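Novice: The primary structure of each chain is shown beneath.
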Amino acid sequence: MDLFVNADYDFLRVRRTAYVVSAVLIVVGLVSLVMHGGPNYSIDFEGGLMMRIAFEQPVDIGELRQVITDATRKTPEVTRDIDEEGNYIIRIEQLEQAAGQEAADQIQVALAQAFTNNTLTVRSVEDVGPKVGAELRTKAIWAILWALLGILIYISWRFEMRFAVVSVVTLFHDVLLVLGLFSFMNIEIGLVIVAALLTIVGYSLNDTIVVLDRIRENLKRYRQEKYDWILNRAINETLSRTVVTSVTTFLVVFILWMVGGAVIHDFAFALMAGVIIGTYSSIFVAAPILVEWQTISPQARTKRK
Amino acid sequence: MKRDNRFRIGLVIVLIVASLFSLLPTFRMFMMDEEQRQRMKQEEPQAWKSLESKAIKLGLDLRGGMHLVMEIDLDAIPAEGRSDAQDRFLSIIRNRIDQYGVSEPVIQKQGNNRVVIQLAGIDNPEAARDLVGRTAVLTYNMLKSGDLVVDLVNRINRALYEGLVSGEIDRERIGLHVVQPETPDLMGIVGLDTTAVGDDSTRIPEQPLNLYLLVDPGSPEVLWADEDNMAWVDSIMALPSIRSVIPQDAEFHWAMWSDERYTTADGLRYRELFLTEAVPVVTGENLEDAQFTIGGPQDPDAAGRPVVNFRLTTEGGQIIRRVSRVNIGNRMAIILDGRVAIAPVIEGQLGASSRITGINDMQEARNVTITLRSGALPAPAEIVEERTVGPSLGADSIRSGTISALVGLLVVVLFMVAYYRGSGLIADTALMLNVLFILAVLAGFHFTLTLPGIAGIILTMGMAVDANVLIYDRIKEELRAGKTVRASVDAGYANATSAILDANITTLISALVLYQFGTGPIRGFALTLTVGIVSSVFTALIVTRLIFDARLNRAVVQELSI
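Chains as they are written, first to last, in our numbering: chain S, 19 to 323; chain P, 60 to 621.
Since the hints were derived computationally from the structure, they do not count as laboratory data.
There's no promise every hint is true.
In the EDC-like style, the derived pairs of lysine to aspartate or glutamate whose C-alpha atoms are separated by at most 16 Å in a straight line are [to be verified]: (1) S:149 x S:64; (2) S:149 x P:441; (3) S:244 x S:28; (4) P:535 x S:20; (5) S:149 x P:132; (6) S:92 x S:120; (7) P:100 x P:287; (8) P:168 x P:132; (9) P:100 x P:111.
The model shown is predicted, which means the values in this text are computed figures rather than measured ones.
Take the sequences, apply the hints, and build the full model.
Specialist: The following block contains the structure:
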């Protein structure tokens, strides 16, 4: 099968449209972030208690919430877990240090007493003290920064500074979009989502680099041609590969999202969003920025690397 | 032009064989059902342990278990007790978890005031929390005399025998069907009825306890047991008919560590069992401090050997002076949370400041000192992070993870064949090898597989084809430009290599950062991703190239199915 043989789409011509699309999406995400008062952190980063429980028979969520409120004197957030009827997630924010385990026991006892004739299984308990939460948050931010720095250094060494800056700008674009999307969809950001973000960083870059690698090659091959023609040609030449890899990667994370189970659901969703955004940005963001940069401050083309 | 591929072919074959070999125990283990596993665990504990240690280790999120981080409140500890507070807490926790009987617990320091505890397969998190949160109890108790121990062993044997004859005690309840009998000739004991052991045996041994415990006629105040039999001894001692035989004023206590003098080459480890007075002489509250040193050259009892000095309060000093005066030549056990750290012989009258000699090595001196200080200087700690996954959620995760992986693999394999035809099959071979290599590395290096780790493998399957896609697209381009098949393949590989390396090294950078940053499940993800990246580059650049070369070397290929 051959797709995109001798493809010759003028991607750079629509770059202004792409800027608008990206800008609008980022602004929507930022507005959502501001309206929610910052990112929606999970207990990993904020401290708190999260329990996954399963009843044999589904119960009324309102009643569930009331029983927990009576038992702990805290207002819990109760949601249906995605995988089966009768499975619920309970979240209680910001308990005092070491009070979480007691609360977990209290909740278990209270629920067993309130819902007799209905078998209760506690599937998981996660309890993070506020101090640990704050530490994990700091660590996560540093991890992302270190990864970006490492990548910046590697690309500057292998390509040139200009390419490195463009890659990192593209990465910021991608991460920002995913964060905005998560805020918009009210998905909590925890340790696992940070892992997903770092993976997106890696994946998106993977895509960007393939295009940049072709640009580097074409700049040497077509010395006489115009800069934006060369860039556009590089995108087209790698288009088939970009699409095939994106499709296979998207397929596997889609399957993971569909059947991977409750624990990994949000993680898989983040990766799905990342694959789409990463593919989009390597075509419509990375190369166009290079073109703009070249227009503003032209770089000598004879340089060999 | 033919490339000399002999080295590469050899390398690939060695890797495949090594991978399969490293995965053998994992296959064996996962082919067994739960019943077979339980059986093997009881009947061949050594073989089970070795199998378990060689198979892929599942993370707590998959097998179910508890991850706890405890923080020691250093501010609440007097200054002289801060420096080793973490060590003391660690040894208290080790000691307790050992009694609780969790397989392969992980107990590690984190920073200077935290301890991470990982317990697999906990079905009662409440009890585990209670276990780690309790205050340590240290006591000094006199050992009962050897005569008393021998007498008690005889009475327990009689009660056990009668219970078994009358059917009041069930053979299986005390493990008679599976117990590994102690080697009787080790201590010169004769007449032990080992034929009474085994699943199909109906004989009733006359001295059942001696199958589990060794009595040393030379020093009868101490009993010994193979560590694998400790749990059975505990269940015998807990039987109501046996409990009534044990005097009210006496208690059995296991040693805290296995006795290295009796650790045999084939991995059998022995523990001492002590019979002590139930009422302690002094407790941790009477203890002020403990330190260890090396005895000076003039020291008659301990020249050049480790010595542990301890200091009691005035009141404690008075008590121990009184008790030791009438007990010279007897042994006194130092017990922390029910386990005996050391049981030295009282050689003379003791006082508020006393010392323990006859210690084997510095390690033991350090352990005993830490134990004493644990009782004297409690280290208050609390749980600051807990993650508990129940066995049902773990099992669900294994199931859904496996299904996703298989479906994902199938979809990618079919897609590649549909898109690249014959060459797609070559890429698929590389893909399968990737999965094989990732799993083999996990098993071979004892890494832990977590649910995000499975996700990492799945993601790698999607991304691993990328390298091949890059190469194939290049080959297609070259073919379209009119080159021969051989030249196109050569040029395809040559031109795609830089993009493959650059793209994968940057992903590798973020995976490595992730490994550094994450704990537990996330580390598992970073790990499979890292291994996946390295192996996918290897399979794409080496393995698929070999397959192409093999085809092109055999005959002149006019047309490539790509």
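Novice: Each hint needs a verdict: does it hold in this structure or not?
Specialist: To see whether the hints hold, each was checked on the structure:
1. Annotation: proposed proximity of residue 149 of chain S to residue 64 of chain S holds, straight-line Cα distance about 8 Å (limit 16 Å).
2. Among the hinted pairs, residue 149 of chain S with residue 441 of chain P is consistent with the structure: their alpha-carbon atoms are about 13 Å apart, no more than 16 Å.
3. Annotation: proposed proximity of residue 244 of chain S to residue 28 of chain S holds, straight-line Cα distance about 14 Å (limit 16 Å).
4. With a C-alpha separation of about 9 Å, the suggested pair residue 535 of chain P and residue 20 of chain S falls inside the 16 Å cut-off, and the hint holds.
5. Taken as a hint, the residue 149 of chain S and residue 132 of chain P pair is honoured in the structure, with Cα atoms around 13 Å apart against an allowance of 16 Å.
6. Of the supplied pair hints, the one linking residue 92 of chain S and residue 120 of chain S holds, its CA atoms being roughly 13 Å apart against a limit of 16 Å.
7. About 10 Å separates the Cα atoms of residue 100 of chain P and residue 287 of chain P, which keeps this hinted pair within 16 Å; it holds.
8. Annotation: proposed proximity of residue 168 of chain P to residue 132 of chain P holds, straight-line Cα distance about 14 Å (limit 16 Å).
9. With a CA separation close to 10 Å, the supplied pair residue 100 of chain P and residue 111 of chain P stays within the 16 Å bound.
Of the numbered hints stated above, none is contradicted by the structure.
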